[in-house]
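Chains as they are written, first to last, in my numbering: chain A, 1 to 607; chain B, 1001 to 1189.
In short, the hints are calculated from the structure, not lab data.
Please note: incorrect hints may appear among the correct ones.
Quick list of in silico lysine-lysine cross-link-like pairs, DSSO-like style, CA-CA up to 30 Å [what the hints assert, rightly or not]:
(1) B:Lys1163 <-> A:Lys2
(2) A:Lys419 <-> A:Lys519
(3) A:Lys577 <-> B:Lys1143
(4) B:Lys1058 <-> A:Lys324
(5) A:Lys124 <-> A:Lys180
(6) A:Lys577 <-> B:Lys1119
(7) B:Lys1058 <-> A:Lys540
(8) A:Lys577 <-> A:Lys488
(9) B:Lys1058 <-> A:Lys172
(10) B:Lys1143 <-> A:Lys540
(11) A:Lys545 <-> B:Lys1143
Here are a few chain A residues that sit away from chain B, every Cβ distance over 10 Å (derived from the structure) [what the hints assert, rightly or not]:
(12) Glu149
(13) Ala230
(14) Asp232
(15) Lys320
(16) Val341
(17) Ser349
(18) Pro360
(19) Cys389
(20) Ala396
(21) Ser497
(22) Arg504
(23) Ile531
Here the structure is a predicted model, which means the values were calculated and not measured.
Every residue gets a Cβ at the ideal spot worked out from N, C-alpha and C, and that includes glycine.
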Amino acid sequence: MKELMLGNKALARGLYEAGLSVASSYPGTPSTEVTEEIAKYTDIYSEWAPNEKVAMEVAYGAALAGRRSMCAMKHVGMNVAADPMYTASYTGVNAGMVIVVADDPGMHSSQNEQDSRHHAIAAKLPMLEPADSAEAHLFARTAFELSEEYDTPVIIKMCTRIAHSQSVVEAKERVCPPPKEYGKDPKKYLMTPANAIGRHPVVEARTQRLVELGNECVFRGVRLNRIEWARDRDVPEEDVPNAPRPQEEGLGRIGIICDSTSYQYVKEVFGDSVDVLKIGLVNPLPTTLILDFAHSVEGLWVVEELDPVIENHCKALGLKVNGKNLLPMESEYSQNLVRVVMGMDVPASVCLEESIPPRPPVMCAGCPHRGLFYTLHRLKVTVMGDIGCYTLGGAAPLMAMDNNLCMGASVSMLHGFNKALGSASEAGTVAVIGDSTFIHSGITSLADIAYNCSNSTVVILDNSITGMTGHQQNPTTGYDIHGDPCGKIDLESLVRSMGIERVRVVDPYDLSQCEETLKEELAAKAPSVIISRRPCALLKTVDGKKVVHNKPLMNDPEKCVGCRSCMRIGCPAISMKGNKAVIDRTQCIGCGVCQQLCRFGALVSGT
Amino acid sequence: METKNIMIVGVGGQGSLLASKLLGHLLLTQGYDVKVSEVHGMSQRGGSVVTYVRFGDKVYSPVIDRGEADFIVSFELLEAARYLPYLKEGGRIVTNTQRIDPMPVVTGACAYPEDLIRKMEEKGALVDAMDCLSCAEQAGSVKAVNIVLMGRLSRYFEIPEEKWLEAIEACVPAHFRQMNLKAFALGRG
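Please construct the entire structure, taking both the sequences and the accompanying hints into account.
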């Protein structure tokens, strides 16, 4: 049956149908739903791993054991997982292994917009790039078959507009290949220098074979790369897709090489009126296919988001090409962008003269981070930030974050900052890091603080969930990907076991407790960890129990003097109407943080 | 058929994903090629959100660009104004009249513009504005604003009403069905 499917769901479906057996991932927008969808299939083992490196090693281990496996991550997650990936390229696999990476051009939910294709080139791994849900579904099976045929992990690269767009897919039945046996083979799998020296030429030869595959376009009936000749080319129906056209036909014509969403934008603008070479196997890139295509057209263009990967390849082949000389390196493309650079008209559009106030995302009403961030702001401390919902605390009015870099960096940045400045910063600088982020990459950073006797204060924002990506369980919550009880890491014991004796737990809804504790730990001449503990306000259940919030607060207009003290916490449930604070009772969960700021008793508990 | 474009805009958490799910289901059963593009993650935390629904014989781009939208369906007035540049010449805005202050307005850094409906009409937009929140409350839940809006939008389509109702039944849980059918009827008027 044909149905509309999210790109990530279609990819998950394709992997399932191809006999996926083990899946391990760390959530990250826009990749998260791939693994969430896989988790719905009970005949696949699936899990959230503590980070992407672990996930990739788990998937690699499963492939080694002879079962088809996958791991998924966002683009920056691939940096974390790069270490095993680069050597897995040398050893190859036993059963198929698929690595899913989702880029985020335009940075809808990311701290940079790096282009994952560079990782595929550097690790010398084949990379497939689907351009819609149907192709994500199709390429999933192809990726496993390529992986086994060419003995290599295969990367499938998604991006926000493919991952989070729904298009038509026809699901099929699951067909599992016979499992492969595991056999000892140290020359292949034990990467001592002597053995690795033997494997590197294997990798290079594999890449050459994959270049040939790219030139031939078709692998087991699936068109990885394809030329779509313009309608007026008069191509016979049985035409071989990559057969070169006679040169004279190319006069005055343009031909466009594109991949992923760029293909959709090009087709949207031109339909069947120009020649298009659509790249699906983006690493390694084809050679003769591109040369033949280029020689069949007069003006060659490459339309690709982010970096000039295909374009530079074309230039290395000696081709003259239009690309980043006219198209931006930054952000997402669109059909209008293609129209503009191709000198075409864009549709007329109107806008209001006055400026429209922006609507940035905000921390939710009742967010447990708010109370702690308000206290940090009040104490005027320097705050090393990290990656998660709580990064929103850097915005006005809380402004409780000075910087952020990558997962776990807050803790190590704090250590470096304090070692550089000594007592000048130790009493006025903290790191803030979420529970999931701490497990992901903060533990080793805290080990540095413990080991090198850093007088640093780390705040772990424990909201009992991985919030930003939409409530995934993690090793501190005690529940697995299916919501079933499992192992639980106790943060206090973990921190103490490193030799850090000063471990404090605070309730971020209690402002005076937050302030006193922060002052004490900043003053202490020892490493300390403050665990700010309150479940995410959006959680429906915690530890198997239904969450019951307090009644929404009410404003007493008689007592409210309009001093705006309650506005200092940036709660979306509070606004000023006239000169009085008003509580939005549909949003307020009665956390009471604003009550503690009101000196006039105007904010009263709901009944 | 040339591709038609519907943009659904609003504030994160207002329920635009159900609206796009319903439209996607409906248009697919009408035999169209359909693409629906959403944004997840950071943008959902009370920020401005936009969903693109495109349908026709063959749909390529997953997004709608400036000047291309046949319809902008808006859950909130300021958001309708924000995405006005995406409206096609002669396009129609179907909007809830609800006003939700964004954080820069709450903190006093910006003012919420007044008279937005008139200003959008002066720019040539056809604006159909209605108090969907009241209709939703009347139907039984403030969360039914999305279905009220779908009811309003349905007036501009030749697709028979029962097809819309079938799509609602397919997309919402059974225990909310009556409430949503009522919300749809109130929106359609």
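Cross-check of the supplied hints:
1. Between Lys1163 (chain B) and Lys2 (chain A) the alpha-carbon distance is near 18 Å, which keeps this suggested pair within the 30 Å criterion.
2. Proposed proximity of Lys419 (chain A) and Lys519 (chain A) is supported: the alpha carbons are some 20 Å apart, at most 30 Å.
3. Annotation: proposed proximity of Lys577 (chain A) to Lys1143 (chain B) holds, straight-line Cα distance about 24 Å (limit 30 Å).
4. A distance of roughly 29 Å separates the Cα atoms of Lys1058 (chain B) and Lys324 (chain A); the hinted pair therefore holds under the 30 Å criterion.
5. Of the supplied pair hints, the one linking Lys124 (chain A) and Lys180 (chain A) holds, its CA atoms being roughly 24 Å apart against a limit of 30 Å.
6. In summary, the hint linking Lys577 (chain A) to Lys1119 (chain B) is supported, as the alpha carbons are separated by about 24 Å, within the 30 Å threshold.
7. Distance check on the hinted pair: Lys1058 (chain B) and Lys540 (chain A) sit about 41 Å apart at the alpha-carbon level, beyond 30 Å; violated.
8. Taken as a hint, the Lys577 (chain A) and Lys488 (chain A) pair is broken in the structure, with Cα atoms around 46 Å apart against an allowance of 30 Å.
9. Distance check on the hinted pair: Lys1058 (chain B) and Lys172 (chain A) sit about 23 Å apart at the alpha-carbon level, within 30 Å; holds.
10. As the CA atoms of Lys1143 (chain B) and Lys540 (chain A) are separated by approximately 17 Å, the hinted pair is consistent with the 30 Å bound.
11. Pair hint Lys545 (chain A) plus Lys1143 (chain B) holds up; C-alpha atoms about 25 Å apart against a cutoff of 30 Å.
12. At roughly 31 Å from the closest C-beta of chain B, the C-beta of Glu149 (chain A) stays outside 10 Å, upholding its exclusion from the interface.
13. Every CB of chain B is more than 10 Å from the CB of Ala230 (chain A) (nearest about 15 Å), matching its label as outside the interface.
14. Every CB of chain B lies more than 10 Å from the CB of Asp232 (chain A), the least distance being 18 Å, so the non-interface label holds.
15. With a least beta-carbon separation of about 27 Å from chain B, Lys320 (chain A) lies farther than 10 Å from that chain, consistent with its non-interface assignment.
16. At roughly 14 Å from the closest C-beta of chain B, the C-beta of Val341 (chain A) stays outside 10 Å, upholding its exclusion from the interface.
17. Listed as a non-interface residue, Ser349 (chain A) fails to keep its Cβ farther than 10 Å from every Cβ of chain B; the least gap is roughly 4 Å.
18. Separation of Pro360 (chain A) from chain B is inadequate, the least Cβ-Cβ distance of about 6 Å not exceeding the 10 Å criterion.
19. At roughly 7 Å from the closest C-beta of chain B, the C-beta of Cys389 (chain A) falls inside 10 Å, breaking its exclusion from the interface.
20. For Ala396 (chain A), the shortest C-beta to C-beta distance to chain B comes to about 6 Å, within the 10 Å cut-off, and the non-interface label is violated.
21. Every Cβ of chain B is farther than 10 Å from the Cβ of Ser497 (chain A); the closest lies at roughly 34 Å, confirming the non-interface assignment.
22. For Arg504 (chain A), the condition that its CB be more than 10 Å from all CB atoms of chain B holds, with the nearest at approximately 28 Å.
23. Interface exclusion of Ile531 (chain A) from chain B stands, the closest Cβ pair being 23 Å apart, more than 10 Å.
Of the numbered hints stated above, those contradicted by the structure are hints 7, 8, 17, 18, 19, 20, listed in ascending order.
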